[in-house]
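Position chain B relative to chain A; hints supplied.
Just so you know, the protein sequences line up as chains A and B, in that order. Each residue of the first sequence is one higher than the last, beginning at 7 in the working numbering. Each residue of the second sequence is one higher than the last, beginning at 7 in the working numbering.
Accuracy of the hints is not assured; some may be wrong.
[Claimed, not checked] Pairs of lysine-lysine residues, derived as DSBU-like cross-links and limited to a Cα-Cα distance of at most 35 Å, are as follows:
1. B:Lys34 with A:Lys225
2. A:Lys278 with B:Lys278
3. A:Lys281 with B:Lys278
4. A:Lys225 with B:Lys261
5. A:Lys195 with B:Lys85
[As the list claims (entries may be wrong)] On the chain B side, residues computed to face chain A include the following (Cβ under 8 Å):
6. Ile189
7. Ser191
8. Lys243
9. Ala249
10. Met251
11. Arg254
12. Leu256
Please keep in mind that the hints were generated in silico from the structure rather than gathered at the bench. Where is the CB? At the ideal position from N, CA and C, for every residue including glycine.
Number of protein chains: 2
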Amino acid sequence: MDITVAIDAMGGDHGPHVTVPAALDALKRDDNINIVLVGLTEAIEAELKAHKAKVGPRLRIHHASEVVTMDESPQSAMKNKKDSSMRVAINLVKSGEANACVSAGNTGALMATARFVLKTLPGIDRPAIAATLPTQHGVVYMLDLGANADCTPEHLLQFAIMGAMLVSCVEHKERPSVGLLNIGSEDIKGNEVVKQAGELLRASHLNFYGNVEGNDIYKGTTDLIVCDGFVGNVALKTSEGLAQMMSRFLTQEFKRNWFTKLMALCAMPVLKAFKRRVDPRRYNGASFLGLRGIVVKSHGGADRIAFDNAIQSAVAESRSGVLRRITEQLEIEHIKPPSASFDLDGTTVTQEAPA
Amino acid sequence: MDITVAIDAMGGDHGPHVTVPAALDALKRDDNINIVLVGLTEAIEAELKAHKAKVGPRLRIHHASEVVTMDESPQSAMKNKKDSSMRVAINLVKSGEANACVSAGNTGALMATARFVLKTLPGIDRPAIAATLPTQHGVVYMLDLGANADCTPEHLLQFAIMGAMLVSCVEHKERPSVGLLNIGSEDIKGNEVVKQAGELLRASHLNFYGNVEGNDIYKGTTDLIVCDGFVGNVALKTSEGLAQMMSRFLTQEFKRNWFTKLMALCAMPVLKAFKRRVDPRRYNGASFLGLRGIVVKSHGGADRIAFDNAIQSAVAESRSGVLRRITEQLEIEHIKPPSASFDLDGTTVTQEAPA
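Bound conformation, chain A alone (with noise of 0.2 Å):
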């Protein structure tokens, strides 16, 4: 099946000096899929022109007059900003143009205006952001990493689902492993919410391997790790900072000297080996998980190898029929959909029937 990118081109702190070049590198590598970039038309012909690309069957440009700025908050982009790439690349998505939209622009606005305009699943309560870190022995997948500071556990059990179902449908693992992050493995560890989280997702159909650790993420224990926004926040910082400390600090000692910038002359081989086993962009590109289709964030600083990930993160998605298979999972766990109508900034607004 070809699969159709809305591409918000305008967005990150780069905007289509990183969007289209990663655009045309998408579409170099994979002939089954299709780009709309959307945005200011000028600026987007001026960046095909660099690259000496055209539009053509497989990449048009879909003009949107506005720019959601790296720093505006949800409101601002949701009330003064209609016409925004970021706005009109989700549209996209809403109308069936496309199949999934990527962007690189700010993280609340962007999860502001998807749950406006495409609604959350019918069962879940708040969209959830997942991604992808290394392991040991792979990759990890966890949620939620930062849209939900406060949670219930019936929000945890309901990411859980989610996550797993993604897990599931991406690498193609047929009962994905579900950890619960908690600060020891016995049940009657960690706060209220986790231990209540814990019971229902012994209750539920998950393959629920129990409480992890922290070291656990990067030991590769299980194949999802659920948590609230606030903690998987914290942990997915903390190890951002200590991996660009840890990198400063061999630079540095490497840099010491003439012997030791000698020793980095020789060793160069195997320390580029490490760094692109490590390196961050590999693993760009987050979901937000429990909307009526495909939206994927990118990191605002992403560079176009980054960025491309990023798209390439939103076609495996957009193949993996993933929100089906969440919805069917929610239907085995008994999940209800959530009361008809739910207030978003003060607006209430009506629920549609799931397409």
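Structure of chain B alone, referenced to chain A:
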């Protein structure tokens, strides 16, 4: 002032094989400390003999007939092991025979016993675990690292006061900066508890920097970072896991073939310097803050060097006068002592007046 440290000689994965030689190292380095080794006399004497050492005016043995195992529940340790090396070492702090106690025994049992025997300082609801972590510029203190999974905003304020006084006394910083661990820098970010804790901290007399994020830990943005024990424990263990994975990847890359092994040999001095910089043994020794006495917890798997570092932490804390400073700061912040009695494991304990 001479400092006397009571050491739970039987605690940790290695017991006297580690605690006794580490104690001998500490005595050699610092002429103004005395050590009491608490535990099974025979086992301690055998270890002293193996190191050609003897008891004397600065080193004595205090017999304790029982040992708390590493996986024993706090309840079992408290009820059934009243003559354990852990408990007797804490008793020596209570009676004033020692200024501080160091144990590598199990965290839950040590915290429960220390709290039961020593009681909390007036105004402190719950003790917290504080430790130092390396940063790009030096060290950062962080608490709570796992004692309290569910916290109120008031608890976080108490942690901030205790931590700030520890940094002030041990690092001789007049007004250490205090960061509140959160998932965004703006005041409106975070979960409900953290938002309210932010308000309390802004209203306090501490040098409150504001919110910090996970990556700020290793950036060294502030002198102290405050969080609940769930988040702190996850951040700490996630760091352990990532550091282990990165070290393992580096080793694997250098061991890939004969060529890379040669590279490793060349780069050895640099790699060793790097390893020294991130050596977790240098940061071993977590303080149980908020008790009416000084208790330092060593990592269970600590070796001689790591355990010696924990002893050094206990000595520095004893010399610093931190307990008095915490009490004074609580008064400045108008934090009243809690109700006269508290409940521990089903037994109502009447609090005594502070020593």
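* Hints not upheld, ascending by number -> 1 and 7
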